[in-house]
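Chains as they are written, first to last, in my numbering: chain B, 1 to 243; chain Y, 1 to 218.
Since the hints were derived computationally from the structure, they do not count as laboratory data.
A virtual CB, placed ideally from N, CA and C, is assigned to each residue, including glycine.
Any given hint could be a false lead.
Unchecked claim - Ranges of calculated distance between the beta carbons of each label pair, as one might list FRET restraints:
no.: 1; chain 1: Y; residue 1: K46; chain 2: B; residue 2: M1; range: 39 to 45 Å
no.: 2; chain 1: B; residue 1: D170; chain 2: Y; residue 2: Q18; range: 42 to 48 Å
no.: 3; chain 1: Y; residue 1: S111; chain 2: B; residue 2: S167; range: 34 to 40 Å
no.: 4; chain 1: Y; residue 1: S44; chain 2: B; residue 2: Q113; range: 42 to 48 Å
Said to hold, decoys possible - DSSO-like, lysine-lysine: derived pairs with alpha carbons at most 30 Å apart:
no.: 5; chain 1: Y; residue 1: K114; chain 2: B; residue 2: K156
no.: 6; chain 1: B; residue 1: K112; chain 2: Y; residue 2: K46
no.: 7; chain 1: Y; residue 1: K211; chain 2: B; residue 2: K108
no.: 8; chain 1: B; residue 1: K79; chain 2: Y; residue 2: K114
no.: 9; chain 1: Y; residue 1: K211; chain 2: B; residue 2: K73
no.: 10; chain 1: B; residue 1: K232; chain 2: B; residue 2: K183
no.: 11; chain 1: Y; residue 1: K46; chain 2: B; residue 2: K158
no.: 12; chain 1: Y; residue 1: K211; chain 2: B; residue 2: K79
no.: 13; chain 1: Y; residue 1: K15; chain 2: B; residue 2: K108
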Amino acid sequence: MAMLRVEDVRKSFGPVEVLRGISLTVGQGDVVALVGRSGSGKSTLLRCLNGLEVTDGGRIEIAGHTMSYEAQKLRELRKDVGIVFQSFNLFPHMTVLENIVLAPCVAKGISKQEAQSIARDMLAKVGLSDRSDAYPEQLSGGQQQRVAIARSLAMKPKVMLFDEVTSALDPELTGEVLVVLEKLASDGMTMLLVTHEMAFAKSVATTTIFMHEGRIHESGESQEMFTRPKTKEFKQFVGQPLH
Amino acid sequence: MISEFDANAFLFLLKSAQWTVMLTLTATLMGGVAGLVIALARVSHKALLRRAATFYIGVIQGVPVLVILFLAFFGVARLGLDLPAFFAAALAMSLFASGYLAEIWRGAIQSVPKPQWEASTSLALTRLQQFRYIIIPQAIRIALPPTVGFLVQLVKNTSIVSILGVVELARAGQILSVATFQPFLVFVATAALYFAICFPLSQISRRLEVKLSGYAKG
């Protein structure tokens with residue numbers, strides 16, 4: 001069953017065409033790494049998938065929803081599609097637990113007790129059970145990012161989007177976030193990750209998509225792609241993997 | 001009849017100061033409610049609301065308080081309402097406060113970082129829920145110091161309603177200075193009372209600024 005189907009999606013920012021016709025299909029439980037240079041359109045593509053960016057053309061079906069920018073329909077879609085950002089974006093005026101409980105309570109309308117019990121499960125999953133009463137600013141970057149992941153998971157999404165979630169972290173903190181992502185992947189979560197961590201893409205992602213100038217330039221099974229890159233651009237990219 | 005600046009005279013000043021406080025409180029409350037509505041309209045997705053709010057703020061900020069005061073006074077009279085001058089004064093000060101508070105609060109709302117909107121919209125919150133749970137709580141922290149600062153200005157600006165014959169603190173000082181022929185003494189006492197009202201407010205503002213600079217401590 002396809003969890004995500006993208007057909008000929010286009011997006012321009014002013015005169016700059018960032019996405020020039022993207023089509024791809026992602027099955028349930030697939031882990032897809034989106035890689036490519038800065039400006040290749042990979043983050044824009046990810047943001048189109050939960051409606052943060054409005055596409056100029058094409059069609060997106062995700063987690064059983066067809067993309068529509070009508071507010072109510074978009075909210076329904078977002079209940080099933082989680083996203084985690086590079087800069088964490090936790091709510092600074094709320095404790096860790098409050099950050100996680102909020103959306104299940106107010107957006108999905110489940111009871112506070114139930115939301116809290118889900119939140120504690122998710123915190124355990126990301127290894128932060130003991131920090132539920134801390135405020136975001138009291139946590140390290142890696143811990144904040146793990147809370148952000150828990151916050152998104154508490155909505156029980158069918159698909160998770162990760163937008164360069166380790167790019168703002170020191171190398172030693174990157175590891176703790178990658179461990180969480182790896183666990184999530186092995187639990188069978190359907191995931192799309194924009195990432196610069198090539199080793200992670202190779203070992204954890206089932207599929208890797210290399211984007212270049214707004215198009216999918218090369219894609220395939222991760223191990224195979226990194227071992228035997230086909231196109232000249234991807235070879236170059238893998239040769240100097242950072243940016 | 002008061003003829004020298006004695007305890008009785010001071011009591012008169014003190015009683016008049018009540019009107020200054022009342023006027024400030026009324027303007028804060030009414031102006032605050034209106035200001036919040038206007039601030040929200042100012043950041044609305046609907047262009048018409050945004051434009052109307054911008055126009056309102058522009059008018060209030062572009063017209064002297066004195067003129068707003070006269071407009072309120074004669075406007076109320078023209079409507080055929082025979083209300084005490086205090087009502088016109090309260091109306092004018094509320095209008096004045098609403099325009100300035102709306103602008104302070106608009107700025108505070110807009111200075112909440114954009115990723116906070118993105119994160120909360122991605123969690124399927126409605127726009128109203130975003131305001132209520134994410135944006136307003138953070139905007140309040142940003143807005144508190146300038147809001148209290150404005151209220152200090154408001155306390156002093158209420159002195160202008162003396163022109164309508166409302167006997168608040170400044171008007172009381174004027175009356176006493178004529179009655180006692182001790183203008184300097186009277187106005188020192190008047191100034192002291194204004195200071196007694198404003199100083200605690202400034203102190204609160206300063207303390208809030210320190211306290212709210214960190215979330216965990218707040």
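Here's how the hints hold up against the structure:
Remark: the range hint 39 to 45 Å for K46 of chain Y to M1 of chain B is upheld by a beta-carbon distance near 40 Å. Evaluation of the 42 to 48 Å hint for D170 of chain B and Q18 of chain Y yields a failure: the beta carbon distance comes to about 60 Å. The given range of 34 to 40 Å is broken by S111 of chain Y and S167 of chain B, whose C-beta atoms sit roughly 25 Å from each other. Taking the beta carbon of each, S44 of chain Y and Q113 of chain B are about 36 Å apart, not inside 42 to 48 Å as hinted.
The straight-line distance between the Cα atoms of K114 of chain Y and K156 of chain B is roughly 25 Å, inside the 30 Å bound, and the hint therefore holds. Pair hint K112 of chain B plus K46 of chain Y does not hold up; C-alpha atoms about 33 Å apart against a cutoff of 30 Å. Pair hint K211 of chain Y plus K108 of chain B does not hold up; C-alpha atoms about 34 Å apart against a cutoff of 30 Å. Simply put, K79 of chain B and K114 of chain Y have alpha-carbon atoms about 21 Å apart, close enough for the 30 Å limit, and the pair holds.
Of the supplied pair hints, the one linking K211 of chain Y and K73 of chain B is violated, its CA atoms being roughly 41 Å apart against a limit of 30 Å. For a cut-off of 30 Å, the pair hint linking K232 of chain B to K183 of chain B is broken: about 33 Å separates their Cα positions. Annotation: proposed proximity of K46 of chain Y to K158 of chain B is violated, straight-line Cα distance about 33 Å (limit 30 Å). Pair hint K211 of chain Y plus K79 of chain B does not hold up; C-alpha atoms about 36 Å apart against a cutoff of 30 Å.
With a C-alpha separation of about 55 Å, the suggested pair K15 of chain Y and K108 of chain B falls outside the 30 Å cut-off, and the hint is violated.
In this structure, the hints that do not hold are numbers 2, 3, 4, 6, 7, 9, 10, 11, 12, 13, in rising order.
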